[in-house]
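S.K.: Spelled out, the chains give:
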Amino acid sequence: MIINPISNGIVIDHITAGKGMTLYTLLNLAQLDCSVAIIKNADSVKMGKKDIIKIDRVIDLNFDAVAYIDPDVTINIIRDGQLVKRKHLDIPERVEGVIRCTNPRCITSTEQELPHIFKLTDREKRIYRCIYCESKAKSKTLD
Amino acid sequence: MKHLIDILDLSTEQIDGLIATANDIIAHPEQYREKCHGKKLATLFYEPSTRTRLSFEAAMYELGGQVLGFSEAQSSSASKGESVADTARIISCYADIIAMRHYKEGAPLVASLHATVPVINAGDGGHNHPTQTLADLLTIQKEKGRLHDLVIGFCGDLKFGRTVHSLLNAMSRYENVRFVLISPEELRIPEYLRQELEKNGISFRETQNLEESLPELDILYMTRVQQERFFNEADYIRLRDSYILTSDKLKNARADLSILHPLPRVNEISVQVDSDPRACYFKQALYGKFIRMALILCLLDIQ
Numbered sequence: 022m023i024i025n026p027i028s029n030g031i032v033i034d035h036i037t038a039g040k041g042m043t044l045y046t047l048l049n050l051a052q053l054d055c056s057v058a059i060i061k062n063a064d065s066v067k068m069g070k071k072d073i074i075k076i077d078r079v080i081d082l083n084f085d086a087v088a089y090i091d092p093d094v095t096i097n098i099i100r101d102g103q104l105v106k107r108k109h110l111d112i113p114e115r116v117e118g119v120i121r122c123t124n125p126r127c128i129t130s131t132e133q134e135l136p137h138i139f140k141l142t143d144r145e146k147r148i149y150r151c152i153y154c155e156s157k158a159k160s161k162t163l164d
Numbered sequence: 333m334k335h336l337i338d339i340l341d342l343s344t345e346q347i348d349g350l351i352a353t354a355n356d357i358i359a360h361p362e363q364y365r366e367k368c369h370g371k372k373l374a375t376l377f378y379e380p381s382t383r384t385r386l387s388f389e390a391a392m393y394e395l396g397g398q399v400l401g402f403s404e405a406q407s408s409s410a411s412k413g414e415s416v417a418d419t420a421r422i423i424s425c426y427a428d429i430i431a432m433r434h435y436k437e438g439a440p441l442v443a444s445l446h447a448t449v450p451v452i453n454a455g456d457g458g459h460n461h462p463t464q465t466l467a468d469l470l471t472i473q474k475e476k477g478r479l480h481d482l483v484i485g486f487c488g489d490l491k492f493g494r495t496v497h498s499l500l501n502a503m504s505r506y507e508n509v510r511f512v513l514i515s516p517e518e519l520r521i522p523e524y525l526r527q528e529l530e531k532n533g534i535s536f537r538e539t540q541n542l543e544e545s546l547p548e549l550d551i552l553y554m555t556r557v558q559q560e561r562f563f564n565e566a567d568y569i570r571l572r573d574s575y576i577l578t579s580d581k582l583k584n585a586r587a588d589l590s591i592l593h594p595l596p597r598v599n600e601i602s603v604q605v606d607s608d609p610r611a612c613y614f615k616q617a618l619y620g621k622f623i624r625m626a627l628i629l630c631l632l633d634i635q
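If you read the protein sequences in the order shown, they are chains S and W.
Counting in this note's numbering, the first sequence runs from 22 upward without gaps.
Counting in this note's numbering, the second sequence runs from 333 upward without gaps.
The shape of chain S in the complex, shown without the other chains (with noise of 0.2 Å):
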């Protein structure tokens, strides 16, 4: 499979397998109007198979939003053809905007307009808790 190089974009690179599409998503890159791909489960020597999403265009990243779903990820700068940064990811100790809390009882279940914002609670077992009722995050993908 052939994807054309990009000259100025971003290329996040080392995405487990099968997460691409959920950060694709998140990352509301459908709504780009520049060339954007998906390879999904292409071959790695250092994980097996991984997805990679090239971006045609130098976008603001939301890393913590990147760095929730998927922490082992690389993310590589281009300008003119050249890779100007490389970037490793930490575990975002707070996330706000990327998942919702689905514990009935909390109060951002009747007051839309509150942002919902989870902590890092484990980081070992990187578990995220609602910093309003403390209900965990289901899952590390969207809802």
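If you're looking for bench data, these hints aren't it; they were derived computationally from the structure.
Ideal Cβ positions, reconstructed from N, Cα and C, are used throughout, including at glycine.
Among chain W residues calculated to face chain S with C-beta under 7 Å, some are:
#  : residue
1  : S415
2  : K436
3  : E437
4  : G438
5  : A439
6  : L441
7  : V442
8  : G457
9  : H459
10 : Y524
Fit chain W to the supplied structure of chain S, relying on the hints for placement.
M.R.: Just chain W, lined up with the frame of chain S:
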């Protein structure tokens, strides 16, 4: 700005300070009668309450302050759809401190993020109830003379019982405290709390048997199975009579056991137990007023 949303907002040193102030109020009430002169407490109660609301109001009156507020959501702007954040902003214009009870978990936290005066969580759904915990801690301190080296049994609804969650968190910070968690399978403590206890290496045991557990307890904390926390009436009816404490069951308990209950009770403690010297729940309600007086003084920075 200081608020009290979660009991863990307070360090053990701050709790010691509040207990010391409460004890001083008990000893010298006349010295506190004008401390809050000219100050107003707003009690925003979106959910029915007798004890907590009246205890807050009595606390403020005994400090020489005044009280305004509402005691049900229907008599507030919430019935018109006003957000908690807007209510908090508005009430900040009229009062010096807010005590909020809400049926939704996290509502007082939202209020504290938008109010310009201190906010006290007076109970949020099945989540937290830190001022009840302060009352519990003052009671334990007065009855046992310490907050460490204790075996505490919690009995009844440990899933939705917010007083249980707050007291578990608070007591977990003291040395050599062990918990016996007595409940039906469906009303065990929430998973997040169990995880916290395990993570912090706190000693606890879960059981369904009250009578077997009684002899080892220094403190028995009874709770009501709360009808308002159930979506399903049939589940409530099935579980409400799970544990009823009677004089007969107490024969196996230690002579120095202290029985606590956040009240109101339904039938989980037989009225025969009220005359048992080990019953502390009515004193606990009285202590609740004194510790709330201490808290109001602390949050308003009044010496």
